[in-house]
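*Asks:* If you want the building blocks of each chain, they are given just below.
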Amino acid sequence: YLPTRYLPIYFYSVFFIIITCVLNRFYNMDEAAQSDENQFVMDEVSAIIKESVETVIGGNAYTSAKVNGWTAQVVESVLGNLSKLNKTFKYIVTCVIMQKNGAGLHTASSCYWDNSTDGSCTVRWENKTMYCIVSVYGLSL
Amino acid sequence: MSATTSTAAADQAQTFQIRPPANEKLHSSAVKEVLHSVLVEQLSNFVYDAETSDKKVNCLAEVIRERLHELSVTRYKFVVNVVLGEQRGGGIKVGARCLWDTDTDTAVSDTFLTETFFCSAAVFGAFFY
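These protein sequences, in sequence, are chains A and B. Per the working numbering, the very first residue in the first sequence carries number 4; after that it's consecutive. Per the working numbering, the very first residue in the second sequence carries number -17; after that it's consecutive.
What the hints contain is simulated information worked out from the structure, not anything from laboratory work. Nothing here was measured: the structure is a model prediction, and the numbers come from that model. Hints should not be assumed to be uniformly reliable.
Using 20 Å as the maximum straight-line C-alpha spacing, the simulated PhoX-like pairs for lysine-lysine come out as follows [as the list claims (entries may be wrong)]: (1) A:Lys131 to A:Lys103; (2) B:Lys75 to A:Lys131; (3) A:Lys90 to B:Lys59; (4) B:Lys14 to B:Lys59; (5) A:Lys53 to A:Lys87; (6) B:Lys7 to B:Lys59; (7) A:Lys131 to A:Lys69; (8) A:Lys53 to B:Lys75; (9) A:Lys69 to B:Lys75; (10) A:Lys103 to A:Lys69; (11) A:Lys131 to A:Lys53; (12) A:Lys103 to B:Lys75.
The following residues of chain A were derived to be distant from chain B, with all beta-carbon distances above 10 Å [stated by the list, open to error]: (13) Cys24; (14) Asn31; (15) Gly61; (16) Val126; (17) Glu129.
All C-beta atoms, glycine included, are put in the ideal place defined by N, C-alpha and C.
Construct all of the structure, not just a fragment, from the sequences and the given hints.
*Replies:* This is the structure we're talking about:
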């Protein structure tokens, strides 16, 4: 039972509610798009690492004289490509290059950060003479 | 009206610190001490073994991270990286680069060598604005 006098008010209020809901969804879509820019995307970073490692040490055999230069080049290339992503992150890139000698190797990392915004990505690469392990840690600002 | 709002704004500006004050800054010497003491403590009696080394590395990383909390520096994020390997005459190189704010952030690394194994640990501390 609705008093017909108040019918227009009901219609206007329902209309108003619908419009605000629609607008909120549009605003939230913008926010979601913005927050995606500042998320640590593992696939993107993993692709950057693989490309950098392939370019620098792709077809080479382990040479103790060159390995210093290689680690520096891999790390600098990864860091350069990461900064081109233009995200508000601080990055830490580590690289381990080890000769294949039958020796065992273990790595571990422990981080104190914000799980929702920060992340890490580790890529293991090898060829016939050496192993290369690159880790990227992204800390959001 | 405008005078009161401007003082309120000034008060607000003074309470947000974008640089750590001197007593809350992370000093690399303090971190180095912590790192070195943990490595010596945990690895003095350690013999490399393929099965146990796995857990040992994880344990090391966590112990170092927990000891860093005792430094009582607030607003810092930490990343600890530990590499443990056998010494069999093979060559190895560990390197790192960081894209951050050199005024506030710091990196420290330390190595522990014995005849049978080596252990390299690195701590990275980044200020959280």
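*Asks:* Does cysteine 24 of chain A clear chain B by more than 10 Å, comparing its Cβ with all Cβ atoms of that chain?
*Replies:* At about 34 Å from chain B, cysteine 24 of chain A clears the 10 Å cut-off, so the statement holds.
*Asks:* Take the C-alpha atoms of lysine 103 of chain A and lysine 75 of chain B, compute the straight-line distance between them, and say whether it is at most 20 Å.
*Replies:* 13 Å, holds
*Asks:* Checking a non-interface call: every C-beta of chain B should be farther than 10 Å from the C-beta of glycine 61 of chain A. Is that right?
*Replies:* At roughly 17 Å from the nearest Cβ of chain B, glycine 61 of chain A sits farther out than 10 Å, so the non-interface label holds.
*Asks:* Does lysine 59 of chain B sit within 20 Å of lysine 14 of chain B, going by the straight-line distance between their CA atoms?
*Replies:* 16 Å, holds
*Asks:* For the pair supplied as a hint, lysine 7 of chain B and lysine 59 of chain B, is the alpha-carbon distance within the 20 Å limit?
*Replies:* Holds - the C-alpha atoms of lysine 59 of chain B and lysine 7 of chain B are around 12 Å apart, at most 20 Å.
*Asks:* Just to be careful, I want the Cα atoms of lysine 69 of chain A and lysine 75 of chain B compared with a cutoff of 20 Å; is the pair within it?
*Replies:* Holds, because 10 Å separates the two Cα atoms, which is no more than 20 Å.
*Asks:* Going by Cβ atoms, does valine 126 of chain A stay more than 10 Å from chain B at every point?
*Replies:* At about 14 Å from chain B, valine 126 of chain A clears the 10 Å cut-off, so the statement holds.
*Asks:* Against chain B, does glutamate 129 of chain A keep a CB gap of more than 10 Å to every residue?
*Replies:* 14 Å, holds
*Asks:* Do the alpha carbons of lysine 103 of chain A and lysine 69 of chain A lie within 20 Å of each other, as the hint requires?
*Replies:* 16 Å, holds
*Asks:* Is it true that the CA of lysine 131 of chain A sits at most 20 Å from the CA of lysine 103 of chain A?
*Replies:* Holds. Lysine 131 of chain A to lysine 103 of chain A sits at ~8 Å (cutoff 20 Å).
*Asks:* Is the straight-line distance between the alpha-carbon of lysine 53 of chain A and that of lysine 87 of chain A 20 Å or less?
*Replies:* 16 Å, holds
*Asks:* Would you check the hint for lysine 131 of chain A and lysine 53 of chain A, treating anything up to 20 Å between C-alpha atoms as holding?
*Replies:* Holds: lysine 131 of chain A and lysine 53 of chain A sit about 17 Å apart, inside 20 Å.
Figure legend: structure checked against the earlier numbered hints; every hint is met.
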